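**Student:** Okay, here's what each chain looks like letter by letter:
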Amino acid sequence: MLNVETTQAPAGVRHRSAGHNLNRVLKYTLVRGLTLLATVVIAVYLTILIANGGGYVDQMRIGQIKEQVIVAMGADPEMAHLTVQQRRELEEERIRVRIEQLGLDRPFMVRSFEYLWNGLTLNLGSAEYLLSDSGSRQVRNILGERLGATLLLMATSQLLLFFCAMFVALFLSRRYGSLLDKIVISMAPTSAAPGWFYGIFLILIFAAVLGWLPFGGMIDAPPPRNPWLRALSIAKHMILPVMSMFISSIFSSVYSWRTFFLIYSSEDYVEMAKAKGLSDRQIERRYVLRPTLPTIITSFSLMLITLWVGAIVLETVFAWPGIGRLTQQAINLFDTPVIVANTVIYAYLLAVTLFLLDIIYSLVDPRVKLGGGGTRA
Amino acid sequence: MSNNVLLDVRNLKLHFRTRSGPVQAVDGVSFQLREGHTLAVVGESGCGKTSLAKAILRLLPRNVTTFSGSVIFEGQDIMKYDDEKFRREIRWSKIAMVPQASMNSLNPVIRIEDQLMEPLLIHENISKQEAAQRVRDAFAVVGLPVDFLARYPFELSGGMRQRAAIAMALASKPRLVVLDEPSSALDLLTQANLMNVLKKIKHEFKTTFILITHDIGTASELADEIAVMYAGEMIEYASADYFYTDAHHPYSQKLMASVPTLREDKDLAFIPGQPPSLINPPAGCRFAQRCEKRFEKCSEHPRVTSLKNGASVQCWLFDEMGEVKHA
Numbered sequence: 001m002l003n004v005e006t007t008q009a010p011a012g013v014r015h016r017s018a019g020h021n022l023n024r025v026l027k028y029t030l031v032r033g034l035t036l037l038a039t040v041v042i043a044v045y046l047t048i049l050i051a052n053g054g055g056y057v058d059q060m061r062i063g064q065i066k067e068q069v070i071v072a073m074g075a076d077p078e079m080a081h082l083t084v085q086q087r088r089e090l091e092e093e094r095i096r097v098r099i100e101q102l103g104l105d106r107p108f109m110v111r112s113f114e115y116l117w118n119g120l121t122l123n124l125g126s127a128e129y130l131l132s133d134s135g136s137r138q139v140r141n142i143l144g145e146r147l148g149a150t151l152l153l154m155a156t157s158q159l160l161l162f163f164c165a166m167f168v169a170l171f172l173s174r175r176y177g178s179l180l181d182k183i184v185i186s187m188a189p190t191s192a193a194p195g196w197f198y199g200i201f202l203i204l205i206f207a208a209v210l211g212w213l214p215f216g217g218m219i220d221a222p223p224p225r226n227p228w229l230r231a232l233s234i235a236k237h238m239i240l241p242v243m244s245m246f247i248s249s250i251f252s253s254v255y256s257w258r259t260f261f262l263i264y265s266s267e268d269y270v271e272m273a274k275a276k277g278l279s280d281r282q283i284e285r286r287y288v289l290r291p292t293l294p295t296i297i298t299s300f301s302l303m304l305i306t307l308w309v310g311a312i313v314l315e316t317v318f319a320w321p322g323i324g325r326l327t328q329q330a331i332n333l334f335d336t337p338v339i340v341a342n343t344v345i346y347a348y349l350l351a352v353t354l355f356l357l358d359i360i361y362s363l364v365d366p367r368v369k370l371g372g373g374g375t376r377a
Numbered sequence: 378m379s380n381n382v383l384l385d386v387r388n389l390k391l392h393f394r395t396r397s398g399p400v401q402a403v404d405g406v407s408f409q410l411r412e413g414h415t416l417a418v419v420g421e422s423g424c425g426k427t428s429l430a431k432a433i434l435r436l437l438p439r440n441v442t443t444f445s446g447s448v449i450f451e452g453q454d455i456m457k458y459d460d461e462k463f464r465r466e467i468r469w470s471k472i473a474m475v476p477q478a479s480m481n482s483l484n485p486v487i488r489i490e491d492q493l494m495e496p497l498l499i500h501e502n503i504s505k506q507e508a509a510q511r512v513r514d515a516f517a518v519v520g521l522p523v524d525f526l527a528r529y530p531f532e533l534s535g536g537m538r539q540r541a542a543i544a545m546a547l548a549s550k551p552r553l554v555v556l557d558e559p560s561s562a563l564d565l566l567t568q569a570n571l572m573n574v575l576k577k578i579k580h581e582f583k584t585t586f587i588l589i590t591h592d593i594g595t596a597s598e599l600a601d602e603i604a605v606m607y608a609g610e611m612i613e614y615a616s617a618d619y620f621y622t623d624a625h626h627p628y629s630q631k632l633m634a635s636v637p638t639l640r641e642d643k644d645l646a647f648i649p650g651q652p653p654s655l656i657n658p659p660a661g662c663r664f665a666q667r668c669e670k671r672f673e674k675c676s677e678h679p680r681v682t683s684l685k686n687g688a689s690v691q692c693w694l695f696d697e698m699g700e701v702k703h704a
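These protein sequences, in sequence, are chains A and B.
The first sequence: position 351 = 351 (my numbering), numbered continuously.
The second sequence: position 60 = 437 (my numbering), numbered continuously.
Chain A with its partners taken away, still in its complex shape (with noise of 0.2 Å):
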């Protein structure tokens, strides 16, 4: 970063540049930082406003407590010598109790914005509804078991797509127009199916008709006590989602980066590097590859923040105990708490990320300046 700044001071003033520049980094730091904090307040505050239907879910949720405080006491044998004044009085204040319990007296407004502060504190409380599998109520109990497993798919298949489709793309720009090329483009439209759309596909092919794979989950019952045969159990069950994903998704990423890469490989300086006698391998890596690294980095650091929010119906397809599993039942129960912790974590991820990606942009390429400076391109 500095190395970079002193490039942009006149020659006569580098001398005294460096704490000027140091003072610089920090305020640009902090100036970003703050402004990413912004962001992440917004989105979560949103997230809760949603998530609770702006206060509406908690019309429902006393509703839900009288229902259940009534059923309750009608259930209860007790009640029958009480006298309906006397029964009414403590039905109320059961739900009187219950209701402050909750703190659904108090204005939602008020309430939102503690738990918007629980939120970004990282004090992410307990589910309504949903359990974890050890039977915790703690959410961060419940999404740290759904995250490995999330992780574990989703970081498998991404990277493998990733990898593989930067590679046969610089592959594909130089021998563009080949017939190998042009059946590639062709099945760029297969990617209009989403993933789990090939998984049953491929669950009927390699589950049902062959027997080879498993049909779905994670590791087989009961999952085998060896380390090395559980990890086996585990892989086995992981082919056909991430075959499902790379399918759906592989054409259509060697088309875009191929296509990004043959535009950068008409540039002047291409050629330039080629009269100059370079081989190949080194206009690749020099004058492809490297002035187009930012947006390799960006799109690489976008793809690693989508691991965290696992894929909803892939995951419900193949009974894969995960983040995107765990969304969606969320969802369909109400489960606020689950459903902003999930959003929290995301906001703070992709926050971070942009953050990092601010100071790694100005490492990796010259023309971006941090701070006031702006672009000289």
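Keep in mind that the hints were calculated from the coordinates and are not lab data.
Mixed in with the good hints there might be a few duds.
What the hints assert, rightly or not - Among chain B residues calculated to face chain A with C-beta under 10 Å, some are:
1. Lys390
2. Leu434
3. Leu436
4. Asn440
5. Arg465
6. Ile467
7. Met545
8. Met633
Please read these numbers as outputs of a predicted model, since none were measured by experiment.
Positions of the beta carbon are idealized from the N, C-alpha and C atoms, including for glycine.
For this one, chain A is given, so just place chain B on it according to the hints.
**Tutor:** Frame of chain A, contents of chain B only:
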């Protein structure tokens, strides 16, 4: 200046395939260039000048259909070299180029110094220090401050970048430098400046140049020989001493008449019509349609005639002895 022939191009052809048909961008071009001389290739836009430059350096687009003829450089037919040998032995170490729009010829994310040193480190077995010194020398020759070497291309103005591109071509001390419209995107003052730099290099280092330009006035500053291209063919090749006063081909004469001059008071002429498309060009003389002196014979393809003053011209107006038949 020695009289050794450095570059001998014979019947060079470069055809492309396009959607509307094959383009004959360079169609049977032959010429010889002596060491230390500068050849200016002039002609209208789209007449195949740049394609000629690219054909010599074998920088071919993907849609090439025909690439034939021979290019004899230092006595070797470099057309017979395979790509790897051509890359190692010819590109930049023997023949360098300054491309059209050379201000875009620098990689935006690599320091200028590293880009200039790159070909030296690849082709010559020298240390980084030596390479850096050579690059500094080249920078001094083109008149750029040496501390600009540590900068990135976007930190330089267009004219500076163009000069940096020339420095890049000179640093490897090539035998031949192909300059493809090196000054076309610059203002007049910068152009004049650049021409002076090139003249200085020509005289100090005896470098051989091929200068491709549509600006005949600029070409006169540097050229020893002039080649006129029209529709993919080289229709006249003459010593600059004669060409400017006594061009032979009707097209060259028209071209000269269209150049404004300071000392004479003349009406500028223009050539009616458009150059023919390089897709299916006419079978006979390609200039015939626009030529005032055309006659029956012009429907056949003209042969190249050598004239007494060493010039050669591709026109039926000249008989086998080089005498004007129809005036």
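**Student:** Does each hint fit the structure? Answer for all of them.
**Tutor:** Here is how each hint holds up against the structure:
The closest approach between the C-beta of B:Lys390 and any C-beta of chain A is roughly 21 Å, which is over the 10 Å cut-off, so the hint fails. For B:Leu434, the shortest C-beta to C-beta distance to chain A is roughly 6 Å, which falls under 10 Å, so the interface hint holds. The interface hint given for B:Leu436 is met, as the beta carbon of that residue sits about 6 Å from the closest beta carbon of chain A, less than 10 Å. For B:Asn440, the interface hint holds, the least distance from its beta-carbon to any beta-carbon of chain A being 8 Å, beneath 10 Å.
Annotation: interface hint on B:Arg465 holds; nearest CB of chain A at approximately 7 Å, less than 10 Å. Hint status for B:Ile467 relative to chain A: holds, with the closest Cβ pair at about 8 Å, below 10 Å. The criterion of a C-beta within 10 Å of any C-beta in chain A is met by B:Met545, whose closest approach is roughly 8 Å, and the hint holds. Given hint, B:Met633 at the interface with chain A, is violated; its Cβ is 32 Å from that chain's nearest Cβ, farther than 10 Å.
Consistency note: the structure conflicts with the earlier hints numbered 1, 8.
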